[in-house]
Amino acid sequence: MMQSLLRSAVLKSSSKQYALAFAVLCVFFSPLLRAQDTFHLEATNSTDRIRIAVAAFKPQSADPATSGYKNTFDTTLFADLSAAGIFDIVSKSLLPPSAPGNQAEMNLAQWSAAPASAAMVAFGNLAVQNGHIVVNGFLDDAKNTQFPQVFVKQYSEEASDDQARQIAHRFADEIIARLGGGGVGIAETKIYYVKQTGQNKEIWEMDYDGANQHALTHLGTVSLSPRISPDNSRLAFSALGREGFQIKMFSLLLNRMVTFPAAGGTNLSPAWAPGGNQIAFSSSRTGDPEIWTSDAAGNIARRVTSFRGPDVSPVWNPKTGAQIAWISGRTGLPQLYIMDADGSGVQRMTDGGYATSPSWSPNGQFLAFAWDRKYGPGAPGGQDIYVMEITSKRWIQLTHDIGRCDFPSWSPDGRHIVFANTPDGKAAHTRIMTMLADGTQKRALTGSGADMPNWSWK
Amino acid sequence: MTLQAKFWKGATLAVALSLAVGCHHSKQPLSNTNGLDNAPTSEQPAPTATLTADPLAIDIGQSLVLNWRTTNATSVVIDGIGPVPVNGTQTVSPSNSTTFRLVAKGDGGSTEASVRVTVRVPVVPVAGDSTANNEAGGDMGTDAAFHQNVQDVFFDYDSFDLRPDAQQAALNAARYLAAHPAIKVLIGGYCDDRGSAEYNITLGENRANAARTALISAGVPASRIRVVSYGKERQFCSEENETCWQENRRAQFNIDR
Amino acid sequence: MSSYAHPAPLQQKIGGGFVGAVLLHIAVAGILVGLAFLHPFHSKSWGEDASAAGAIQATMVNAIPLPPKAPPVDHAVLASEDVTKAPAPPVKEKTAPPPKPTDILIKNKVDTKPLKVAPKENLAPTKHPQPTPESPKATTGDAATQLPQAITQAVNGTATVTVQSRTFGNRYAYYLRIVGGMVTKNYNEQHPDPRTSQDKSVTMLFDIQRDGTIQNLRLETSSGSPSLDAAAKRAILEIDSFGPLPEGDHITIEYKFDYHHP
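Protein chains in written order, with the numbering used here: chain A, 1 to 458; chain B, 1001 to 1257; chain C, 2001 to 2262.
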């Protein structure tokens, strides 16, 4: 009797083992499956997108200056509308061979018919008058023969290549505002970043598409972690001085540094609240690096965390301004946490590995961060950009096998992420790349020596 | 009667069990990330090893002799040299300060020994200071003399705990500072170039603070010590290998002028 | 006095019993009502069974000819008959000679069919060359009996968005297309229970404010399937904004969804 009992027990345990193994496998694989499940990151399928044809604008004169500006304008407009991620752009080879300059010259039937089959058409004319570029831009609904015009706008700026680009950015943003279902256009947004200049690092600025790269600070030291204010007026960052790293403030309106009180210890990684009247940062003035908040002038500093272990890289919830996500080494390797802005409700988001550099999406639902899930001494695993849904803690890996990635930053339309990447792991070869928020359409915006990008709020 | 007895038996059993379980829940000590020491198996005697260098500090271009002795070891390897006989000597000429680490493996387990060798190079990368040349500064003495006698403290990967050799270096520094009461020291915290820039600044800070705590425990007044973290923003070397990475994971002592 | 005394206890007895009976009835009714409250329709478990319902990928396609929508064309034909009377007779003569005398004799309806076909052909050239029976949109000014609509195909049915303002719908047809596209895209990610929703339609009504946000969402016609109603409602509620209105203070949108699971 004991033997049969034993046997049945053994059988039960072995089948239990199989069941357990099966269950473990299911549990192991299901996060992967669920991570790829409907995880609506706002990237639309090509079938959801509005099919728009971008006509070559008609030059009002034949001189080379006009055609030069026109080419810049056409290229920039096409790139902006492609980058928006909400349009299905008619490829240039399918366009009808006409360049209508105004509504009278527009023959909608040509554009709505195959092969273009456009739903909307952007077109217009460009002229150079009295040292000014004057552009008339039209947007037509190709399927509405009775009332085709959606809007027409005129732009006039001083004649220069840079202004030709800026006009194209503004026209593209206007199109996106009308057709984007409440989404904002990013064509006029900027990216602030760290540029290696010999031994030092300075803060630079460029357009969202990588154009117009230029220096902002000339401090002659190491400056890190640039963060632009929500109203685009001030840039907070940390710079290395005699007393270590301190938080500094640069005014874009005055084009010079403005005062920000220094404090003891190491003060770094500033972050703006969406209202623009509070800053969070990491400070070790009490000995251990903790998260502090203060007003925008650096006064009335208040400590928010009080746990032993380094706390750094805070970022506010841009939708509510009531929560802060940050990196804490309180359990050993740095992990991602969120809490309410007063320090309560601490929640751990990552379960292991080495997590760093969080960025909160504009709609408040996602956190993008850099994560090395196979961290270890010797030759650690790769560090990639991940996006995690805050309510469910499910995540998606956006970069694979392109080298070390770090410092992701969301665009204000929530559809793009800019990040730093070094393909061979060497810090000197770091460059800034951009991609759609689902990981597609990756491309480099800068050459080597650029790091820690921060996308403006508007 | 039996029921009551059973009840008390069960109760005492439960209490005993919970006590036992409670004991098991007591906190375990933090494990050191430097986990090369294995617990030896009970049958064989564990290997032992000693490693010394003569002299401990040289000028660049000079050479020194490593001398090691091991017992109960079947294979001995020294980082940067390779497999070596169980006992022996080796003349080396390192180009910058290194820690020579020896690993001895035997049937009874494995053990390691290390020695820190300082190489004086003409230009010391003193970060944050605009003046690179260090003249004889009155009371505080020369930088060269300082660095000859005070060695830096080195750390393991992602750690700010003081290893035995680091504790020794800190003690030596404290002794020197006690002997020269005019010197004020600036401790710089550094990291290797892996890891994220912002988090590494806090790690560097923790390393510098660990060294500072060791100095204070050895009797150096806190008013003579200042701490600055550089994270990974100042590197002592740039190769992508463990030797260089170890070189960068340090708390550096400098005269605070 | 004594006459009162006798009935009194009787009355009391009867009263007592009567009250007891009433109380018992109330108690039983109360239990029934309570049960109804405690065990209502478990509607929330409907539609949540993801395995049965439609695909996760949304393959929504705009502007596809819709055979099921052929009936509405009848209205357009009635309206346009006024306009296209003139060309009709010559076409009629064309169809008379075809060698099918038996057909013409037998079915009078065959005569009327060419009538219907011809005006449609005439309508086509005035529109753009695309063969779009989705003409009940604002593109044809003749479709005066119908309010401007945008029709989109969803993964498991058809969505029709109608705006309750003729001028707005005609002038800003593109905005309707945006509204239809956004709601249907969200709708495709819902999972109404196919068993109860098959061939049902639900109509929701909502206002769009000047800044594009949704107000006053209400159910106009229920489909009879709670999961389909809930799916349509959720699809609309998930939208923050459609983008600012090109004109006006607000518009009212009617969103009708026909469920056809293939």
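Treat the hints loosely; a few may be bogus.
[What the hints assert, rightly or not] Computed Cβ-Cβ distance ranges for the label pairs, DEER-style:
{"no.": "1", "chain 1": "A", "residue 1": "153", "chain 2": "C", "residue 2": "2167", "range": "21 to 27 Å"}
{"no.": "2", "chain 1": "B", "residue 1": "1213", "chain 2": "A", "residue 2": "303", "range": "17 to 23 Å"}
{"no.": "3", "chain 1": "C", "residue 1": "2240", "chain 2": "A", "residue 2": "285", "range": "38 to 44 Å"}
{"no.": "4", "chain 1": "C", "residue 1": "2211", "chain 2": "A", "residue 2": "93", "range": "38 to 44 Å"}
{"no.": "5", "chain 1": "A", "residue 1": "93", "chain 2": "C", "residue 2": "2237", "range": "51 to 57 Å"}
{"no.": "6", "chain 1": "A", "residue 1": "214", "chain 2": "C", "residue 2": "2237", "range": "26 to 32 Å"}
{"no.": "7", "chain 1": "A", "residue 1": "254", "chain 2": "C", "residue 2": "2211", "range": "32 to 38 Å"}
{"no.": "8", "chain 1": "A", "residue 1": "275", "chain 2": "C", "residue 2": "2211", "range": "55 to 61 Å"}
Just so you know, the hints here were simulated from the structure itself, not pulled from any lab data.
Yeah, the Cβ is synthetic: ideal placement off N, Cα and C, and Gly gets one too.
> Of the hints stated earlier, which fail here?
Replying inline: 5, 6 and 8
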